[in-house]
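Chains as they are written, first to last, in my numbering: chain A, 1 to 83; chain B, 1 to 148.
Hints may contain errors.
[Unchecked claim] Chain B side only, calculated, beta carbon under 7 Å to chain A, not exhaustive:
| hint | residue |
| --- | --- |
| 1 | F34 |
| 2 | V38 |
| 3 | R70 |
| 4 | W71 |
| 5 | P87 |
| 6 | V92 |
| 7 | L115 |
| 8 | W122 |
| 9 | K123 |
| 10 | E125 |
| 11 | R127 |
| 12 | A144 |
| 13 | W147 |
These are computed hints drawn from the structure, not numbers from a lab.
Small disclaimer: the values here were computed from a predicted structure and weren't measured.
Beta carbons are placed, not taken as given, at the ideal position from N, Cα and C, and that holds for glycine.
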Amino acid sequence: MTLVYFAWVRQKIGVAQETFPAPPGIHTVQDLIDHLQRRGGGYADVFADPSRLRAAVNQEHAPFNTALSPDDEVAFFPPVTGG
Amino acid sequence: MIAHIRIQPEDFDLNDEIEALTEKTTGIGAVASFVGVVRAEDGLTALTLEHYPGMTEKQIAACVEDANTRWPLLGVTIIHRIGTLTPGTRIVLVAVAAPHRGAAFLACEFLMDYLKTRAPFWKREDRETETSWVEPRTSDAEAAARWK
């Protein structure tokens, strides 16, 4: 899996992108959030309040119950503010 | 329907873009355009825009396709600038060509509303003493929701 981060999510985690060999038990975006939150540090900070976050799977907006596959690109970011 | 979607640091020229949008298409009776400008707010020195390359273009293209199913459109140009912009400079262009003005006006507003809530851009405000990420406005979500 590839994980990508934007805006303050990227700043707090400290990287823009990382390869993530998903361990067993991660079936949905929510599972991934729970897992990353347990990594501590910037991850704990970012994922402590998932209501502030939005996710995309393979570049489509994705609710947290979206199912994940090993080759997915999963992005986490704050609500968008363009325009 | 021809769609031109560009994400770029450079500024754009409205006249050039309308010329390019209309020159090769017949049947156009109306062009409606919207230009967004970086608002000069107290203490704001710059606005920096980050985006998600790939997803941005995909989401904007999906908004254009959606608009095209709602109104008979002949062409759409959407340009969104990225990088660091100073107050008073242009940030976004939506231009819509259609046979009649009703479709052009409505599709232009629809595209701006959808772009603001779906295209993955994030604005950071740089002020003299601090920087902060812009929070989404509920009015933007409400504006997009009325097209459902």
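Each hint tested on the structure:
1. F34: violated, 9 Å
2. V38: It is violated, given that the least Cβ distance between B/V38 and chain A is near 11 Å, above 7 Å.
3. R70: It is violated, given that the least Cβ distance between B/R70 and chain A is near 19 Å, above 7 Å.
4. W71: The hint is violated - B/W71 has no Cβ within 7 Å of chain A, the shortest such distance being about 20 Å.
5. P87: violated, 16 Å
6. V92: holds, 6 Å
7. L115: holds, 5 Å
8. W122: holds, 4 Å
9. K123: holds, 5 Å
10. E125: Violated, because the Cβ-Cβ distance from B/E125 to chain A comes to roughly 10 Å (cut-off 7 Å).
11. R127: violated, 16 Å
12. A144: Nearest chain A Cβ about 10 Å off; hint violated.
13. W147: At 15 Å from the nearest chain A Cβ, B/W147 fails the 7 Å test, so the hint is violated.
Checked against the numbered hints above, the structure breaks hints 1, 2, 3, 4, 5, 10, 11, 12 and 13 and satisfies the rest.
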